[in-house]
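J.: So you can see what is in the structure, the chains are spelled out below.
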Amino acid sequence: MQLIAHIILREWKRILRLPVFYLVMLVIPGLLFSFYALIYEKKDAKHLAFAIWDDDKSAISRQLIFLLEQRETLQITRSVSSEAEVKDLIQKGEILGAVHFPVNMQKDIFSRHKTNVTLYTNAASLVPAKLVYKAVAEVIITGSSGAVLKKLVKTGMKPDRAMALANPIKLNSYQLYNSNYNYQEYLVPGLITVGMQMILIISSMLALNYEWKTNTMQELFELSNGSALLVITGKTIAHLVVSWFNFFLIAFVIFPFFGIGVWEATAKFFLMYTLLSLACLGIGMFISALFKDVMLSGDVALFYTSPAFVFSGFTFPRWAMPWYDQYYATIMPYTPFLDAFFKVYYMNLPMRYAQADIYKLLLFCIVMFPTALILFQRQFNTSKNEQEVQAVAN
Amino acid sequence: MSKKSRPSLIKLFLREASLVAKDHSLLLTLLIAPLLYAFFYGSIYINKEEENVKLAVVDDDQSRLSRLLQQNIDNSPMVELIHFPNLEAAKEYMYQGDCQGYFYIPKGTQTNLLSLKQSNVVLAVNAARFLPSSDLLASVQQICLTIGAGVRLQYFEKTEGLSTAMAMQNVMPINLDYRPLFNERSSYGAFLLPALLALILQQTLLIGLSESVAGERQHGTFKEWLGGGVSTAIWGKGLFYLFVFGAYGFFFLNVNFKLLDLPMRGSGFQLGVLLFVLLLTLIPMAQFIGSLFKSQLLCLQIMAFSTYPIFLITGYTWPFESLPLVVQWMSMLLPTTPFIKVYTAIVQSGASLASMMGPMLHLLLLWLFYSSICYMRFRKLRFS
Numbered sequence: 000m001q002l003i004a005h006i007i008l009r010e011w012k013r014i015l016r017l018p019v020f021y022l023v024m025l026v027i028p029g030l031l032f033s034f035y036a037l038i039y040e041k042k043d044a045k046h047l048a049f050a051i052w053d054d055d056k057s058a059i060s061r062q063l064i065f066l067l068e069q070r071e072t073l074q075i076t077r078s079v080s081s082e083a084e085v086k087d088l089i090q091k092g093e094i095l096g097a098v099h100f101p102v103n104m105q106k107d108i109f110s111r112h113k114t115n116v117t118l119y120t121n122a123a124s125l126v127p128a129k130l131v132y133k134a135v136a137e138v139i140i141t142g143s144s145g146a147v148l149k150k151l152v153k154t155g156m157k158p159d160r161a162m163a164l165a166n167p168i169k170l171n172s173y174q175l176y177n178s179n180y181n182y183q184e185y186l187v188p189g190l191i192t193v194g195m196q197m198i199l200i201i202s203s204m205l206a207l208n209y210e211w212k213t214n215t216m217q218e219l220f221e222l223s224n225g226s227a228l229l230v231i232t233g234k235t236i237a238h239l240v241v242s243w244f245n246f247f248l249i250a251f252v253i254f255p256f257f258g259i260g261v262w263e264a265t266a267k268f269f270l271m272y273t274l275l276s277l278a279c280l281g282i283g284m285f286i287s288a289l290f291k292d293v294m295l296s297g298d299v300a301l302f303y304t305s306p307a308f309v310f311s312g313f314t315f316p317r318w319a320m321p322w323y324d325q326y327y328a329t330i331m332p333y334t335p336f337l338d339a340f341f342k343v344y345y346m347n348l349p350m351r352y353a354q355a356d357i358y359k360l361l362l363f364c365i366v367m368f369p370t371a372l373i374l375f376q377r378q379f380n381t382s383k384n385e386q387e388v389q390a391v392a393n
Numbered sequence: 000m001s002k003k004s005r006p007s008l009i010k011l012f013l014r015e016a017s018l019v020a021k022d023h024s025l026l027l028t029l030l031i032a033p034l035l036y037a038f039f040y041g042s043i044y045i046n047k048e049e050e051n052v053k054l055a056v057v058d059d060d061q062s063r064l065s066r067l068l069q070q071n072i073d074n075s076p077m078v079e080l081i082h083f084p085n086l087e088a089a090k091e092y093m094y095q096g097d098c099q100g101y102f103y104i105p106k107g108t109q110t111n112l113l114s115l116k117q118s119n120v121v122l123a124v125n126a127a128r129f130l131p132s133s134d135l136l137a138s139v140q141q142i143c144l145t146i147g148a149g150v151r152l153q154y155f156e157k158t159e160g161l162s163t164a165m166a167m168q169n170v171m172p173i174n175l176d177y178r179p180l181f182n183e184r185s186s187y188g189a190f191l192l193p194a195l196l197a198l199i200l201q202q203t204l205l206i207g208l209s210e211s212v213a214g215e216r217q218h219g220t221f222k223e224w225l226g227g228g229v230s231t232a233i234w235g236k237g238l239f240y241l242f243v244f245g246a247y248g249f250f251f252l253n254v255n256f257k258l259l260d261l262p263m264r265g266s267g268f269q270l271g272v273l274l275f276v277l278l279l280t281l282i283p284m285a286q287f288i289g290s291l292f293k294s295q296l297l298c299l300q301i302m303a304f305s306t307y308p309i310f311l312i313t314g315y316t317w318p319f320e321s322l323p324l325v326v327q328w329m330s331m332l333l334p335t336t337p338f339i340k341v342y343t344a345i346v347q348s349g350a351s352l353a354s355m356m357g358p359m360l361h362l363l364l365l366w367l368f369y370s371s372i373c374y375m376r377f378r379k380l381r382f383s
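Residue numbers (numbering that gives the first Met the number 0), protein chains in the order written: chain A, 0 to 393; chain B, 0 to 383.
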């Protein structure tokens, strides 16, 4: 135990002294995670530039324009007069959408003729396009239902019956766990945790092999009596404690400061975070034990970790990916973590819902740590020869 | 001097080529990563959009209307219904992460409708995941409106004795004709892929070139490299990257775009000009960043964290105007921001460079800016 304590202390000193560790483990998390939260500070996209093309200029079109103006999502910035103008303004990025009220719209409605209101959006910018569609569709549906309602009431139908016929099947929709589609609540915890996975692997991939670079492998060998088990245990604990420090930063500083996160689920988040940390540390140690060359180790770690966010299914669901990408997603610890994170954190469900994902994360630990141990013990045994250590270091 | 600088540009180009060939890390980052990433990331969105999002359904009405509702929802390519006997079982299925929400048809839905009372149905979606939940919501909402219109149609036909054509005009007095421009199916893949390919090109160039410059400092060859003059050094080294990444750009536009079935609506030549200006801007930017590091490894580690923040603040995935002001300023300093505006306009909507003069000028100003700060930084390092 005393030996492990020495290795832990020694590793903490290295983390605080060497830029490849302290910059990645202690400086980047605070800066990067705060920046992510800052990007989505406004929580949702509002006041999207929008144009009106009113060929009707009637009381109804004015009424609909008034209703559109009340929508927070839209900001009517232009009045246009042709489809070519709409396309040109969208191309230039000056507007994100436009609505066209055709000539005789009011007359058609009153004379029981169907009328078409056209909505244009720039679907090459998908997020604003969807928001614009939602806002305009709600206004047009309301307007259409209102017109039906008026007609029915005019025929002498009772208002409640007319209402029922104007909208016979009322869909009561509930957006659970993020009722306002708040982007900060949705994206920031995901970006932060995927960032943590990267930080953990990119720093721990140097935990063992960087000893060659700093000419300290012999010293480590003597300190641990040549036991790779003690070294990996000590270094893992040291890195895990630093990752807990980052958890504190995330859950108790960044989340409260930006007003995000599910406070009641913090303990479950901590448990899942610790499992993710251990799985990542196992992978990092494995890479570090496999490659003596730190640059190669860095390239492998970068290649492995950088696609985690898109492959995990956070923004685009895994079931919509081709089968081979779905398989690739399973070899990254972030994937089971994310599945569990959705359940126990975003949805605040009991831990039992994350059982399968917990097993998957444990599997990473069970496979990676012993493999790293075997590989490193072999390296350690050869490092007995001081000359060989010097040769590799030079 | 000018007579000397011409051969040294070529010499430096060849020097860089030999440096990359010997450095396996640079070789991986510059020659393998761009191609591998382009195919690898690209394949995720090859289907462009999600389909068959699972939705649990509980039908307590067991009527003709409830069956019609379910049949219509199930026929939508977006939704796949899974039937449950009660709400608890449906919720449990959602909690397990096996479906993205539940749809409930309460008892009396059809009876209410027949007695001209409004029928209420319930859709609860798991909005913790944005894309599936919003797609479910849009599909089910549309189906309920369509069936509602069908109910009105029947009413007008039967009660008021209108012909089908006349009744149709009464059903939905204002019809919304939705025209999503430049991505007609509003698909996620068609939206993301063009930008993703450009980002892969940019990031591998930034990481590789900055690593190369950091390597010059680490290996003590920095002053030797600058021997022929600062500008020559910047553009001699940069020429290699201009050539390699120009070729990648050409490859992506001709091979990856075809493989992924992405439309290219604008002029290939104009896009080539745009890409050329982007590479010219990225080259001094990457060299400036690389010069801040004395260790190649540290440069790689730090640059690895630049990809997501850069992408998130360019205004592509999140509207530029919705970013906080300070982030907008930072975004304006990135060549990606004006580039992506022009690139999207050319690729997705067939715009011309002439119609995008504002962002083009912005990009050219950034080229001047990064060339100047890189030049000043290298001069300082040369004489230190």
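Possibly wrong hints are sitting among the right ones.
Said to hold, decoys possible - These stretches of chain B come out as covered by chain A in the derived footprint (C-beta under 8 Å, 3 or more residues): (1) 179-186; (2) 232-241; (3) 305-316.
Quick caveat, the hints were computed from the structure, so don't treat them as lab data.
Virtual Cβ for every residue (Gly too), placed ideally from N, Cα, C.
J.: Failing hints, ascending?
T.: Result: hint 2 breaks, nothing else.
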